[in-house]
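S.K.: Using the sequences plus the hints, can you model the full thing?
Chain by chain, the residues run as shown.
Number of protein chains: 2
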Amino acid sequence: MVSVAIMGHGVVGSGVAEILLTHKQKLFASIGEEIYIKKVLDLREFPDSPIADRFTKDFEEIINDLEIRIVVEVMGGLHPAYEFVKRCLKAGKSVVTSNKELVAAYGAELLEIARVENVNFLFEASVGGGIPIIRPMNQCLVANIVDEVAGILNGTTNFILTKMIEDGMQFRDALRLAQELGFAERNPSADIEGHDACRKICILASMAFGKHVYPDMVHTEGITGITLEDVKYAEKFGCVIKLIGRVKKLKNGMIDIITAPMLVPFKSQLANIDNEFNGIMVRGDCTGDVVFYGKGAGKLPTASAVVADIVDCCTHLKQRRFLYWADGKGDNIINVNESEFAMYVRAKGKDVAVKAEALFGSIQSINTPGKRTAFTTGKMPYGEFIKKINKLSADGVEILSTIRIGDL
Amino acid sequence: MVSVAIMGHGVVGSGVAEILLTHKQKLFASIGEEIYIKKVLDLREFPDSPIADRFTKDFEEIINDLEIRIVVEVMGGLHPAYEFVKRCLKAGKSVVTSNKELVAAYGAELLEIARVENVNFLFEASVGGGIPIIRPMNQCLVANIVDEVAGILNGTTNFILTKMIEDGMQFRDALRLAQELGFAERNPSADIEGHDACRKICILASMAFGKHVYPDMVHTEGITGITLEDVKYAEKFGCVIKLIGRVKKLKNGMIDIITAPMLVPFKSQLANIDNEFNGIMVRGDCTGDVVFYGKGAGKLPTASAVVADIVDCCTHLKQRRFLYWADGKGDNIINVNESEFAMYVRAKGKDVAVKAEALFGSIQSINTPGKRTAFTTGKMPYGEFIKKINKLSADGVEILSTIRIGDL
Numbered sequence: 001m002v003s004v005a006i007m008g009h010g011v012v013g014s015g016v017a018e019i020l021l022t023h024k025q026k027l028f029a030s031i032g033e034e035i036y037i038k039k040v041l042d043l044r045e046f047p048d049s050p051i052a053d054r055f056t057k058d059f060e061e062i063i064n065d066l067e068i069r070i071v072v073e074v075m076g077g078l079h080p081a082y083e084f085v086k087r088c089l090k091a092g093k094s095v096v097t098s099n100k101e102l103v104a105a106y107g108a109e110l111l112e113i114a115r116v117e118n119v120n121f122l123f124e125a126s127v128g129g130g131i132p133i134i135r136p137m138n139q140c141l142v143a144n145i146v147d148e149v150a151g152i153l154n155g156t157t158n159f160i161l162t163k164m165i166e167d168g169m170q171f172r173d174a175l176r177l178a179q180e181l182g183f184a185e186r187n188p189s190a191d192i193e194g195h196d197a198c199r200k201i202c203i204l205a206s207m208a209f210g211k212h213v214y215p216d217m218v219h220t221e222g223i224t225g226i227t228l229e230d231v232k233y234a235e236k237f238g239c240v241i242k243l244i245g246r247v248k249k250l251k252n253g254m255i256d257i258i259t260a261p262m263l264v265p266f267k268s269q270l271a272n273i274d275n276e277f278n279g280i281m282v283r284g285d286c287t288g289d290v291v292f293y294g295k296g297a298g299k300l301p302t303a304s305a306v307v308a309d310i311v312d313c314c315t316h317l318k319q320r321r322f323l324y325w326a327d328g329k330g331d332n333i334i335n336v337n338e339s340e341f342a343m344y345v346r347a348k349g350k351d352v353a354v355k356a357e358a359l360f361g362s363i364q365s366i367n368t369p370g371k372r373t374a375f376t377t378g379k380m381p382y383g384e385f386i387k388k389i390n391k392l393s394a395d396g397v398e399i400l401s402t403i404r405i406g407d408l
Numbered sequence: 001m002v003s004v005a006i007m008g009h010g011v012v013g014s015g016v017a018e019i020l021l022t023h024k025q026k027l028f029a030s031i032g033e034e035i036y037i038k039k040v041l042d043l044r045e046f047p048d049s050p051i052a053d054r055f056t057k058d059f060e061e062i063i064n065d066l067e068i069r070i071v072v073e074v075m076g077g078l079h080p081a082y083e084f085v086k087r088c089l090k091a092g093k094s095v096v097t098s099n100k101e102l103v104a105a106y107g108a109e110l111l112e113i114a115r116v117e118n119v120n121f122l123f124e125a126s127v128g129g130g131i132p133i134i135r136p137m138n139q140c141l142v143a144n145i146v147d148e149v150a151g152i153l154n155g156t157t158n159f160i161l162t163k164m165i166e167d168g169m170q171f172r173d174a175l176r177l178a179q180e181l182g183f184a185e186r187n188p189s190a191d192i193e194g195h196d197a198c199r200k201i202c203i204l205a206s207m208a209f210g211k212h213v214y215p216d217m218v219h220t221e222g223i224t225g226i227t228l229e230d231v232k233y234a235e236k237f238g239c240v241i242k243l244i245g246r247v248k249k250l251k252n253g254m255i256d257i258i259t260a261p262m263l264v265p266f267k268s269q270l271a272n273i274d275n276e277f278n279g280i281m282v283r284g285d286c287t288g289d290v291v292f293y294g295k296g297a298g299k300l301p302t303a304s305a306v307v308a309d310i311v312d313c314c315t316h317l318k319q320r321r322f323l324y325w326a327d328g329k330g331d332n333i334i335n336v337n338e339s340e341f342a343m344y345v346r347a348k349g350k351d352v353a354v355k356a357e358a359l360f361g362s363i364q365s366i367n368t369p370g371k372r373t374a375f376t377t378g379k380m381p382y383g384e385f386i387k388k389i390n391k392l393s394a395d396g397v398e399i400l401s402t403i404r405i406g407d408l
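Taken in order, these protein sequences are the chains called A and B.
The end of the first sequence is residue 408 by the UniProt record's numbering, with every number in the run present.
The end of the second sequence is residue 408 by the UniProt record's numbering, with every number in the run present.
Wrong hints could be hidden among the right ones.
[As the list claims (entries may be wrong)] Heads up, incomplete: computed chain A residues facing chain B, CB under 7 Å, no partners named: (1) Ile19; (2) Ile131; (3) Val291; (4) Leu300; (5) Pro301; (6) Ser304; (7) Val311.
Because the hints were derived from the structure by calculation, they are not lab data.
Keep in mind that this is a model prediction, so the values were computed, not measured.
Positions of the beta carbon are idealized from the N, C-alpha and C atoms, including for glycine.
M.R.: Given below as structure tokens:
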């Protein structure tokens, strides 16, 4: 019997308890031992829970219980999650978390403590919810040198963009629908401004390239500025607009990482990932492109990923899983202005296409009545693009929007 | 240092050697030990290989070398692969294989020997080439009860069907192109008659449901009968034709397994998997649908999956990975006639739609000049469908083709 504690009994935490109880037999068959929920930490009361007698409001009861070998952190937020996880690892307990904010902010430090204490710190559920991605990337792709990771990492924004693309809804209406359906929170800023997707690409980049990438090192744009006009022009250029987290290894060993909306060509595997689904593409030197697709959030999908990590901890109580990256100072990350993209521009004015062609060279353009034009450029460093777009603006062209084009 | 032997130096075998040599540093960093190729078994000579001095033509040199803890079987075919693998396992060596024919034919027996000898028998590369599927299904989805697995499991047939769908090529021409490009073998029957896809769905079904499913227990149809007319009608019904291996758990605990071409709705995640790519959908009770996509074959993709298994063996020399299923007699598999599908029919004759509607109830039909009609039926047991289609035939309708419609 392996005793575990679950810190937090919210959506994911209650899902973890549910799976451990309802899938007891299957789990026992897999690992040959019972996983026993010894304590659940929550400040609220859950008198109707089948394990109501095991709830505690006091973290000390968990940290001081020597029988508890594995602690599950599903409280969310940075504090006190960080302090609790750190103390658990230092006390020789393995920790499993679904908390992407925690991993993105303190991953390197917590992995180092886990290494020193010879315990596991696992976080499969922190990226892609129920989609297996951390473990396959870490283990199955061990024989690959990863060149690029790109994904639709946030279900809320993908739902909103899908409604704009498929049903012609305005951004505000699509957001309201997402809130009504429970896909978006009342304060949706972490989602729609790209911070959630940024945390996830930071975790994947840290793992793929071995140095911690902190969210504030990453240029991040959300989808609040995307309009129906952009969606329609994108379609004419053979693309859909998706919020993409992407990291790419450059020839000089530096990495190029960004979170931003991008035009994704119809033929890309990421173009067909719709609604609240997530999809992650890993480009390896041996495998080529591998894509993982599924529900990126939700109670049971996320909880099942947490339980898979618990099982991995149970079967590796005496052996650490190799999952590690060093701290990073951001000196391996290129400046956003050096990052190369083909660009989409929507503008208004006289002779836009002619003026744009003079500045950008060969472009593809679509004119619509009312002196409105959309055009796409070739690849160039973002800083160069901004200089040219400023010239275009000085030349009397009103720039309505600019979006990167992903070569995904 | 962990010593390994590689049996077979063909496409996959030479790829395994190449990755072990070129990715030495990364592998060392991952497992903290060197993986050393001590022997390579092949009857041919490879004087230009950087490890030419380690080649042998004699299996006994491998079996009798106590330092060799892991043996890689990438010879292909059933014999002598089966005999060699069995002897290696019995000698206490872990075995990694990419040989789907071997796993589909002898998986249960070899897994049982591995269990008794407390060694590992791993075969990630046997399904989906470079796509991680065996390990994620086994580990990450341990917290799920799998309800269904369905996939495009053969790249050759998928390439042929894609050429028919996208370029309007006839089957024979597409096959010839596949052969010219090296996607199809000179004798393509294992691919185009569905046997290769069948072996793979057998492996996934055995793993998902715990009892070995042998290929001869599975109703298998290839794509040789698919015509351009079918491809075009399918499009009108909002579908593409794909060769699908599928296994589904029924409410009574039985399983429904089949390999056959199916009409796949455009909106399915499997519909957009084109050319030589593979895609596998796993439907779990907690995760919902998870899809894995990538190159299903090829030297380096397949070899990288083999190397991931070698690494797993290295880090678990003293501990067996849980991967096991019992032998099976097929008594958990329903008869193909009980298997329920909606059906597509292409036929020729007078008043086909009227006659079909009288037999099948509500149908969707498309008439084209020359008394040709295509229609789709609702779901029914296949045996019932065949009875009705025979009646239709007796009523003067010429049945040109029938294809299942997948609810994928």
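S.K.: All the hints need checking, so say for each whether the structure fits it.
M.R.: Okay, the hints, checked on the actual structure:
| no. | hint | in the structure |
| --- | --- | --- |
| 1 | Ile19 | holds (5 Å) |
| 2 | Ile131 | holds (6 Å) |
| 3 | Val291 | holds (4 Å) |
| 4 | Leu300 | holds (4 Å) |
| 5 | Pro301 | holds (5 Å) |
| 6 | Ser304 | holds (4 Å) |
| 7 | Val311 | holds (5 Å) |
Checked against the numbered hints given earlier, this structure breaks none of them.
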